[in-house]
Amino acid sequence: MATEGKVVEHPKKAFGWAARDPSGVLSPFNFSRRETGEKDVAFKVLYCGICHSDLHMAMNEWGTSFYPLVPGHELAGIVTEVGSKVEKFKVGDKVGVGYLIDSCRSCQDCNDNLENYCPKFVVTCGAKYRDGTVTYGGYSDSMVADEHFVIRIPDNIPLEFAGPLLCAGVTVYSPLRFFGLDKPGLHIGVVGLGGLGHMAVKFAKAFGANVTVISTSPNKEKEAIEHLGADSFLISSDPKQIQGAIGTLDGIIDTVSAVHPLLPMIGLLKSHGKLIMLGVIVQPLQLPEYTLIQGRKILAGSQVGGLKETQEMINFAAEHNVKPDMEVVPIDYVNTAMQRLVKGDVKYRFVIDIGNTLKPSS
Amino acid sequence: MAKSPETELPLKAFGWAARDTSGTLSPFHFSRRENGDDDVSVKILYCGVCHSDLHTLKNDWGFTTYPVVPGHEIVGVVTKVGINVKKFRVGDNVGVGVIVESCQTCENCNQDLEQYCPKLVFTYNSPYKGTRTHGGYSDFVVVHQRYVVQFPDNLPLDAGAPLLRAGITVYSPMKYYGMTEPGKHLGVAGLGGLGHVAIKFGKAFGLKVTVISTSPNKETEAIDKLGADSFLVSKDPEKMKAAMGTMDYIIDTISAAHSLMPLLGLLKLNGKLVTVGLPSKPLELSVFPLVAGRKLIGGSNFGGLKETQEMLDFCGKHNITADIELIRMDEINTAMERLHKADVKYRFVIDVANSLSSL
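Chains as they are written, first to last, in UniProt numbering: chain A, 1 to 362; chain B, 1 to 359.
Mixed in with the good hints, there may be bad ones.
[As the list claims (entries may be wrong)] No more than 27 Å apart at the CA atoms, straight line, and that leaves these computed lysine-lysine pairs for DSSO-like: (1) K39/A <-> K12/A; (2) K208/B <-> K281/B; (3) K308/A <-> K205/A; (4) K120/A <-> K268/B; (5) K239/B <-> K308/A; (6) K239/B <-> K240/A; (7) K58/B <-> K345/B; (8) K43/B <-> K80/B; (9) K306/B <-> K270/A; (10) K281/B <-> K270/A; (11) K268/B <-> K241/B; (12) K240/A <-> K306/B; (13) K175/B <-> K183/A; (14) K119/B <-> K175/B; (15) K240/A <-> K44/A; (16) K241/B <-> K128/A; (17) K120/A <-> K239/B; (18) K119/B <-> K270/A; (19) K58/B <-> K317/B; (20) K268/B <-> K128/A; (21) K184/B <-> K120/A.
If you are wondering where the hints come from, they were derived from the structure by calculation, not from laboratory data.
Construct the entire structure; sequences and hints are all you get.
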C-alpha cells in the first residue's frame, strides 16, 4: 500500500514534478536532495525518459510507492560536483542513472555485479533509501547518486538518447546476453513493439540476429521492417501466420506486460529454444508444461541489469549506433504523455527535455 | 483390408496388450519384423512399468491406437545381430528405452538428440512402416542398433530396467541444465519412479538433496533408505516459507496438476526448475518471480541414445539402480491399479522371461 515517506529537509533545494496520490497526476513539486557525500556524484538532469514503470509506480499499481512520488529512472545529464573519494567521474562528464540507485553492496548478488537482483536494491524513484528518506527520480532538475550507480555516457551518444538505454536498453540487452541469444545468425522473436520491444529489435540486429516482430497490430509492420530493421513480422492473433512460423525461433524476448497466452509463443520456439519474459504481468498465466518438455524449451524472466552490465550495454550501443526512437516533450506535457503511453501511442519512448523546460515555479 | 497384427510381419510375437480405454491388459499375439542388417534382436528378460504406460493404456493423452503393447524400460539378452552390427554380440545384456527409430539426418539426430527429432518413433504406440510399434510387455523385440544400449555388467538386470526411462528422464536435464555442481542444493518434487532416481543421481553428483512432497509419511524412507538430506512437506506453509530461496535447482517429477508458485519460491536467484512430470493440464504460474529472480522453468524429454548409454555407464560406476517390486506378467492389471494410486516403492518391473508364457 502507498505510504507517506519520511520528509527530510536536505541541504540542496531541488525541483521536479511529482504525483501526490494514486491518481498518478503529476504537478510541480519543491523538494531537496542530500549534500554530495564523499562517494557521491551530483549532476544536473537534462533529459529523462518516461518508462511504463513510472506510470505503474505513480499510480501505486505495485503497492510499493511512497508519495509524493517523483518518477523517472532514465536520467541523463552533466556532472556538477563529485565527492572527495569519487574516482570515475569529474565535473562536466556526461552521465546517467537508471533503475537502481542503491543496493546492499555486500551480498553475493552485489558482489557478482547483479545489483538488480539484490534483495535490498533501491529503485531510483518512489522507494525508501538507506537513510529512510524517499528516493526522488529524474523528472527533476538535479540528482545525487553514489558513484557506483552512475553510468558514463559515451561521447558519441547525445544525452537525449541516453536515458531510455539505461532502463529499456539494459532490460533487453541483459537477457539477450545471459541466455546466449546474442550469437550471429540466430532467429530471435520480439513480442510487443513499444519501448522495450523496439530496443530489443535494435540490439538483436546489432548482434547479427534475424529478427521477427510478433505483434497484435498489423499497422506496425511497415515501420518494424523499414524503420527498425526487423526481418519479418507476425500477427500473433492470426493462427495461420503463427502456424507457419512454428518451431522457427531460437529465442523470444517477450516485452508485453498484459496477460497473453504463452502457448503460441512456446510453439514458435525451436527445440531448445528460450522464451524470456520481461513484462511485469501481475495476473497468473497458464503454462502448458508439456510444450516445454517435448522440445526441451525454457521459460525464464529477467529484470533490468546490473551496473557493470549497464555500462557495457551503453558502450556497445555507442559502438554499434543503437539508439532509441523517441519523442522529446516538455515537462508540462508529462500527464498527456502518460495518457498516451497507456494507449501505446508513442514511437517508442517519450523523453522529457528537462534542461530546457523544467523551471521552478515561482 | 488391413492385415491383423498377428500376420502383418514375418516373426510371431507374444505379449500383453490393452484393447480399449479401460486399459485392461490381456494376452495378445502379434508379429515383428525380421532381423535386418542393422538390427539387434533382444529376448526380453525384464520390463519396467512406467506411468506413461498407464496414461497410454487409458488414452489419457488422446493419441493411443488399440491394441497397444506398452513397455519402454526393456532389459534383455541379444539373440541375433545383423551383419552391420559391430557394437553388440549374441549373449550381450542390453537395454531398449523410449524410442526405436528417428530420421537420423536432422539437426537434432546429428547432435545425438534423437528424442527431439520431429520424426521419432516410440517403442510402442507409434506408426511404423505401415504397422505400429509394440513395446516391452512381450517376449522379444527387434531394434535398429542405434537405439540399443549396452547394459552394465555389474548392475542387476531387473532393478536396472527402470533406468531406461525413469533414469534418463532425470539424468538428461540434470546434465543439460547444469544441475550437477557438487555442494549445490537440489529439490526433488514428487517421490515416485522419477523422483526416487533423481535423489540417487543427486547424491552421486555430490548435491545436497531435499525431497519436496505432500506426504509426511514418506520422510523416513526418503532419508534413511534413499539418502536424501532433508524432507519438506509442501502442504506445511511455515516449513515452505522457511525454505524459500534456498535451492539452486528443482526437478519437478509431479504429473498431477499442481501450482508452480511454491516451487519457484524455493529457488535462489538464477534458480532452475525443470519439469519432467508430463502433467496433462496447463499449470498456473506468475511470471513475476521469473522476472524478479531471473529464474527459469525448463522442460526435458527422456534422453538421446548416446546420453542414455552415458547414463547407464554412470549408474554402473556409482552402483545406481531403481528400487523395484518385481511382478509376474499376470499381475500387471493389479499393478496398474496400484500405480494409479502411487502405491509402489518405487517402480514395478515385470519378470517377463519367467512369467510371460504363450497360450
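Legend entry - Numbers of the earlier hints that this structure fails to satisfy, in rising order: 2, 5, 6, 12, 15 and 19
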